[in-house]
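Engineer: Chains as they are written, first to last, in this note's numbering: chain A, 1 to 139; chain B, 1 to 112.
Derived by calculation from the structure, the hints in this document are not laboratory data.
No residue lacks a Cβ here, since even glycine has one placed at the ideal position from N, Cα and C.
Among these hints, one or two may not hold up.
Quick list of simulated restraints, FRET-style, between CB atoms [stated by the list, open to error]:
1) Asp89/A to Asp72/B: 14 to 22 Å
2) Gln45/A to Ser73/B: 18 to 26 Å
3) Asn98/B to Ala31/A: 14 to 22 Å
4) Asp48/B to Phe49/A: 13 to 21 Å
5) Gln45/A to Arg67/B: 23 to 31 Å
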Amino acid sequence: MNLISGIDLSAGALAAQKTRLDIVAQNIANAQTTRTAKGGPYQRQVVSFETEMVRTQGATGGGLQGIRVAQVTTDRSPGQQVYNPQHPDASADGLVTMPNVNLSQEMVDLITASRTYEANLSVVKNARQMAMRTLEIGK
Amino acid sequence: MLPVGSVNPLLSAASPLAKIDAPLPKMPGVHLGAAGPVPAEGFGRMLDGLVASVDAKQVEAQAITKRVLLGDSDQLHQSVIAMQEAGVSFSLMVEVRNKLIESYQELMRMQV
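Chain A with its partners taken away, still in its complex shape:
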């Protein structure tokens, strides 16, 4: 019994945006991290999404295209070099390689993820309202 149509799609989208938010949080948290387990400064992570066939619909033909996180990749662009000879991770000439995290870019990503999450929540809310309104026919 599936009363609220398209809810699986929205749930998948919500999960995907939540993952994106987690990755943004990780990037912002590690904006100053100069030492990682792999060695070298922290490198920014980027999320990409892909479609996912949720289920085939009988009447309308084609299946519904859901969304899931395809992969989390590493941004390989070089980090900023800062002159700071006191830093334990400074090279011989006193330069420290900072992470390639750009805070303004992360904030834009954060807002986009948040707004997309809100949009999907509106879809869920409206789908539920439609089902409840339909049930009010009998009243």
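Please arrange chain B on chain A, whose structure you already have, making use of the hints.
Structural biologist: Only chain B this time, still in chain A's reference frame:
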């Protein structure tokens, strides 16, 4: 909480409503619509299935919410969505029940 499926007075054999399921009495010379075989699965069986699936949704929502509350899962939206789905299907069940009771009372008011 008592599971919804366990309280089902409509389906107990002692209830007069169980007789709604009974096939119509055959009258000689009268053909009611298409004279097909009486389906093995009555309306009561279907209603039982509806109640069972609504109950399953409630149990599922409870399980997901429990997982979120215990910290095993961080899928908060899945919990809320499951609860809403359970609520909507419960409303559907209540609507069906209301309609059934209404038609039963209509029958009882009939002049003989």
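Engineer: Next, verify each hint and record whether it holds.
Structural biologist: Right, here's what the structure says about each hint:
Checked against the hint of 14 to 22 Å, the pair Asp89/A and Asp72/B fails, with Cβ atoms roughly 38 Å apart. In this structure the hint that Gln45/A and Ser73/B lie 18 to 26 Å apart at CB holds, the actual value being about 22 Å. A C-beta distance of roughly 58 Å is found between Asn98/B and Ala31/A, which places it outside the suggested range of 14 to 22 Å. The hinted window of 13 to 21 Å between Asp48/B and Phe49/A is violated, with their beta carbons roughly 42 Å apart.
A hinted range of 23 to 31 Å holds for the C-beta pair Gln45/A and Arg67/B, which are about 27 Å apart.
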